[in-house]
Every structure is written in structure tokens, then in C-alpha cells.
Amino acid sequence: NAGVMQNPRHLVRRRGQEARLRCSPMKGHSHVYWYRQLPEEGLKFMVYLQKENIIDESGMPKERFSAEFPKEGPSILRIQQVVRGDSAAYFCASRPSANNEKLFFGSGTQLSVL
Amino acid sequence: KQEVTQIPAALSVPEGENLVLNCSFTDSAIYNLQWFRQDPGKGLTSLLLIQSSQREQTSGRLNASLDKSSGRSTLYIAASQPGDSATYLCAVRQETSGSRLTFGEGTQLTVNP
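So the sequences go chain by chain: A and B. For what it's worth, our numbering labels the leading residue of the first sequence as 1, then goes sequentially. For what it's worth, our numbering labels the leading residue of the second sequence as 115, then goes sequentially.
Source of the hints: derived by calculation from the structure; they are not laboratory data. None of these values were measured; they are calculated from a predicted model. Among these hints, one or two may not hold up.
As the list claims (entries may be wrong) - Computed footprint of chain B on chain A; a stretch qualifies when at least three of its residues, placed anywhere within it, have a C-beta under 8 Å from a C-beta of chain B:
hint, segment
1, 31-45
2, 55-68
3, 104-110
All C-beta atoms in this analysis are idealised placements derived from N, C-alpha and C, irrespective of residue type, glycine included.
Isolated chain B, as found in the complex (with noise of 0.2 Å):
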């Protein structure tokens, strides 16, 4: 059974800092790996999708690295700014369980003023 992990729950940083969130999962047969973003009151919105295959994609100020072997993403996102505050979500699409995915609890980010 596929477990997904992610360090640290809670992180808190000064405006300006460059920072990096961790996801681990235990089943590295996967298809895909998703990060997503959780405001309050709010539904997800999907930031970036890592195809097995690929090492790495990036959009605008975010960059997530993957690899697959270790079990192991990190979402790097440059310049923190107030508004990037949120819970992040890491996600993973099995090989062969479908299109469902299986998400980690999240990290919940607030980047101060």
C-alpha cells in the first residue's frame, strides 16, 4: 500500500526566502507525481505534474524535482512571497491502480510580511 509522506507539516519563513518542501513515498512504481496548493475554504489547484520518466518541472518561481528510485520529490519555490501562502500537497499516481492518486497531509506554508 502506497504511503506518502511530507516534511516538514508546518514551515514558517521571512518574505524573500528561497525554500524547499519534501515528499516521500514508499511504492516507487509510480505513474506520476503532482504537487498542489490548498487555500483555506478553497479546492486544490494543481501546480505541477512529473511524469515518471522525468527528473524535474518547473513554472514560473516553483521547481519540483523527482526521483523515482528513492522514493523521493521536492517542491523548491524561489523569492517566498506573503501570497504563497497555502497548504502544499504532494500527490502520486500508481502504475497500476488506476488514475487515483494518494496525497500526503500536506505542509502548511506562511510566509511573513
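So here's chain A without its partners, still in its complex pose (with noise of 0.2 Å):
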């Protein structure tokens, strides 16, 4: 049973592209979270999706940020227009379902905007 997936592991993007990250959970497993970790401070967390629902995004940033998870395929994070301070690691994790607090976390997307 692979972890979970996020690719690609390194992105790099000029200011105003846009940036797509990927995450594919573990087995099983129907809720994602993603969390971002800027340089030299915490984990933030960031949006929390259930197969083809968000539930809770209330740590997105309000403009040019989406997040996705359909009934088929990876959860994506997708930035629009990128700017030098989205700069950062993004973490994917998983758990199989509501009642297992057990978080599994990827090994991350470092995002770097030129």
C-alpha cells in the first residue's frame, strides 16, 4: 500500500503562471487535507476535502487559489498567477475516514516562483 503520492516533488514557476500540484492519497483513504509551509514558520493549514466536496477551506487565500478532489483521480491544488510569496512547501495528507484521526502525510511540493 503506496503513502501518498504528491507530485511533482520540486515545481518551479515565473511569476503570473499558473502552478498545479497533485495528490494522490493512500488506498482507501476519502479525505485530504492540505497544508502549506512558508519559509521559517509552522504548517498552515490550508483546505480539507472529501471526495468531490469541500468542507472546509477556511485557510485558503481568497484570490487565485482552488482546490479539488474528484470521485476519480488525484485532489489538486491549483495556484493561478503566482506570485514570489507563494513560495513554499505544500503537504498533502490523508486519512481513511471521520472516525480515524490518524493523519498520513506526503513528502511535499516545494514551490519555487521566480
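Each of the two chains sits in its own frame; use the hints to bring them together as a complex.
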């Protein structure tokens, strides 16, 4: 059973481009979280999704950021018109059900905006 | 707004020492508290999870305690080894704000052989 898979591991974008980060949760996991780790800061919650539903997006910036978790395929975090302040490590985590608290994290995507 | 603080920010010890990492949180209305380990370039690994009704959890050489009313948790590592070198993160889940976690900034531990 593979762990949480994130790709790409490293993503370089120029200002104004779009960034698409992918997360495949562990098999059988239907709950996905995205967290962001800015340089010299702790992890900050962004969004919580279940299949086809956004449950909690209270940590998402109001503009340029969106997330989805379709019925088939990985969860996608999309950042439009990236700026240098978006440079960070983006981590995805999954858990199997609402009753199971244990989170499994991916290795993250390091986004660098030039 | 919940704030989680971890002290110290960095710690360097010789192999074999017992050590304590501290975590404090400002809002005691928590659902649970977790300790994670983060290795460079890798994701987080869950070490211990303490429910709000529990006082402590143990796994091998690790023991985590929780004093909910005072807003504190400690992670005790016995007989430290170089392989324990990593960043240790504390995270809390609130009672009433869904399942998201609020993380501390971590303690970077180095165990020297």
C-alpha cells in the first residue's frame, strides 16, 4: 500500500504562471488535507476535502487558490498567477475516515516562484 | 484563535540522553493533540496522538503527556539516538473548528554520536 503520493516534488514557476500540485491519497482514504509551510514558519492549514466536496476551506487565500478532489483521480491544488510569496512547501495528508484521526502525510511539493 | 508554541526551537544533545520537548497552546478547548516527526525533505510522520480525555500516550522510547487545563504537552524521548535527529512538531485539533490541525513551529533536535 503506497503512501500519500505528491507530485511534482519540486516545481518552478515564473510570476504570473499557474501551478498545479497533485496529491494521491493512500488507498482507501477519502479525506484529504492541504497544508502550506512557508520559510521559517510552521505548517498552516489550507483546505479539507472529501471526494467531490470541499468541507473546510477556511485556510485558503480568497483569490488565486482553488482545490478539488474529484470522484476519480488525485486531489489538485491550483494556484493561478503565482507570486513570489507563494513559494513554500505544500503538503498533502490523508486519512481513511472521519472516525480515524491518524493522518498520513506526503513528502510535499516545493514550489519556487522566480 | 489558537496559538501553539514549542520550546526550545532547537536542541542538541549527546547520544544516550533523555530529553523533553515542550508544547503549549493558548486555547484549552482541544479535541486532541498530536506529535509528529519531520525529516528533511520528507513529510510528517505521526508519532503519538492524545485524546483530550487522556493524560499520556507511550510508544517505545517516546512518551507524550497532556495537561489540557494548563495548555501544555511534553514529549519525552528516552535514551536518545542519532536516528532521532529530526524536527518534532506538535499539533492540536480544536473541539469546535472541524478536523484541521494547528501546528507549532517545531523543535529541531540533533542527537550527536
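Evaluation of the provided hints:
Counting residues of the segment 31-45 of chain A whose C-beta lies closer than 8 Å to any C-beta of chain B gives 8; at least three are required, and the coverage claim holds. Counting residues of the segment 55-68 of chain A whose C-beta sits closer than 8 Å to any C-beta of chain B gives 4, which meets the bar of three, so the coverage hint holds. With a cut-off of 8 Å between beta carbons, the segment 104-110 of chain A has 5 residues touching chain B; three or more are needed, and the interface restraint holds.
Against the hints set out earlier in the document, no violation occurs for any number.
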